[in-house]
Amino acid sequence: MSAATMSTEKPLLSVEHLTMRFGGLVANNDVSFEARAGEITALIGPNGAGKTTLFNCVTGFYTPTVGRLTLRHPAGKEFLLERMPGYRIAQLAGVARTFQNIRLFSGMSVLENLIVAQHNKLMRASGFAIGGLLGLPGFRKAEHEAVELAKYWLDRVRLTEFADWEAGNLPYGAQRRLEIARAMCTEPVLLCLDEPAAGLNPRESGELAEILTFIRDVQTPQGHRTGVLLIEHDMSVVMRISDHVVVLDYGRKISDGDPEHVKNDPAVIRAYLGEDEDEALPPEVAADLNLAPTTNQKGA
Amino acid sequence: MDYFLQQLINGLSLGAIYGLIAIGYTMVYGIIGMINFAHGEIYMIGAFVALITFLAIGALGVTWVPLALLIMLVASMLFTSVYGWTVERIAYRPLRSSPRLAPLISAIGMSIFLQNYIQILQGARSKPLQPILPGNLTLMDGAVSVSYVRLATIIITLVLMVGFTILINRTSLGRAQRACEQDKKMAGLLGVNVDRVISLTFVMGAALAAVAGMMVLLIYGVIDFYIGFLAGVKSFTAAVLGGVGSLPGAMLGGVVIGLIEAFWSGYVGSEWKDVATFSILVLVLIFRPTGLLGRPEIEKV
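Protein chains in written order, with our numbering: chain A, 1 to 300; chain B, 1001 to 1301.
Quick caveat, the hints were computed from the structure, so don't treat them as lab data. We put the beta carbon where it would ideally sit given N, CA and C, even for glycine. Errors might be hidden in some of the hints.
Sample of chain A residues with no beta-carbon within 10 angstroms of chain B, all distances over it, derived [to be verified]:
hint, residue
1, 62
2, 86
3, 235
Think about it this way: if two alpha-carbon atoms lie no more than 35 angstroms apart in a straight line, the pair counts; the simulated DSBU-like pairs of lysine-lysine are [to be verified]:
hint, chain 1, residue 1, chain 2, residue 2
4, B, 1184, A, 151
5, A, 151, A, 77
6, A, 141, B, 1185
7, A, 10, B, 1185
8, A, 77, B, 1185
9, A, 141, A, 151
10, A, 10, A, 121
11, B, 1127, A, 121
12, A, 121, B, 1184
13, A, 121, A, 151
14, A, 151, A, 10
15, A, 121, A, 141
16, B, 1185, A, 151
17, A, 77, B, 1184
18, B, 1184, A, 141
19, A, 77, A, 10
20, A, 77, A, 141
Please model the complete structure; the sequences and the hints are all you need to start from.
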């Protein structure tokens, strides 16, 4: 445990003894870790390690077989996510997520995509659409605020000029950024991103890293900071921006700590590169892992 | 010319009724990809509720016609909405995740059930209603006469259409409906209560069908438990003709079918009007399978 994760404040998300079985297949086996507000927690691991399954448990797509998922709001409220249906998790607990494949409402405009994300707020303000039909002032005001929030995030992800485009017509990288903006428009306390850098070129993933660090560092209007939970294969992004890395392999947690700790952890190197511990890493692999060639560590 | 105009107005009022019902089909198809075969029966129930309300308020001594009509309209929309909501809740929602055929069969079952339910409750004989809104508007020196009822039908339909278009395009409920249409799971993750949106879709469809039922009651003055079948099939045809899933398409399809029927009856003879209607449907589907305003479906991967 590094100093950064040792703070006395209670974590935003606690995953305790999470096990998810699909028949005989154990996708997550007794995984426990914590994610904090104002930090980027990266979840990494080889293909099939159970990262997405874990995400699906946190966001209510799956109900875990065993285990407890506690989300603590800055105001002190606690939610047991494993007991809530998916839309309640988004609505009440404030967890937003994106998917590996892009799932925008492609037939709607960019701005509308961001306003749909604020549906609950608007529904309450409009008295379930009746106010909207009559054009009541309360609804007008709520809608104005919704548009303002949408504009703010459009600006952050540099899509303002595309506001009226159909979302499906945006270039790929822009669609990725729009997904993150849409998730942020739900005003989450925890943002879960499933491989946001997949398919992006280096310049685009650089922009993505900037957006993510902005989300981590900015104070929300409610006065708290957003926690980011990130699944990512692009190690350059992970190592650069995460504060805390959790490594899964075959459904188990094999390492947990800050990026420096994790990339020097022999268990992680074994999982990524195979069993042979005696040989030094080939230089190009070491470079890929961002290891300085001098810190040549040997096995456990 | 005046004969043509007369048929045009008859066709428009008939088309307005088909269009109102067709919207219910097209919205439900758009959002859960299912044909709600019980929708014709919902329309029939709307007509019955309007009739019963009229008799009830007549007994209570409400004789001022505009007030009576307003109460009928509101009561019919309200009660029929409850039927629409209930049908979705008990016959379709439990089957949401089952194969496509299951809710379809359930819908057909619901349709038969509702027919028999009204038949037992209200009897199998036709129910007459004396003209509430008699009188005609005569145009062109009496050559064309439009009954007030038909005029009211066209006007009410237009007003409802405008309101409805605003509801779908401008309000957050409409936005949520369009979002659910595209990706229900994602909409749920953004905090949209998908079940409630689907329920409200059924409620809206039922309310519009109730208006159609009441208007048919006023125009023809006679209803029975079986009127939902043919009207349902024709409105479904209207929805397909306009492009299933498209709201303006449903309205356009309804008007086209109403006009075909009116002109065929007027110029050729009323015996083959249904054949004419369905022949047009076949032709449209051969040459433009997505309907008049439908967009080609993009296969989701």
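Would you pick out the hints that fail for this structure and give their numbers low to high? Violated hints: 2, 11; rest satisfied.
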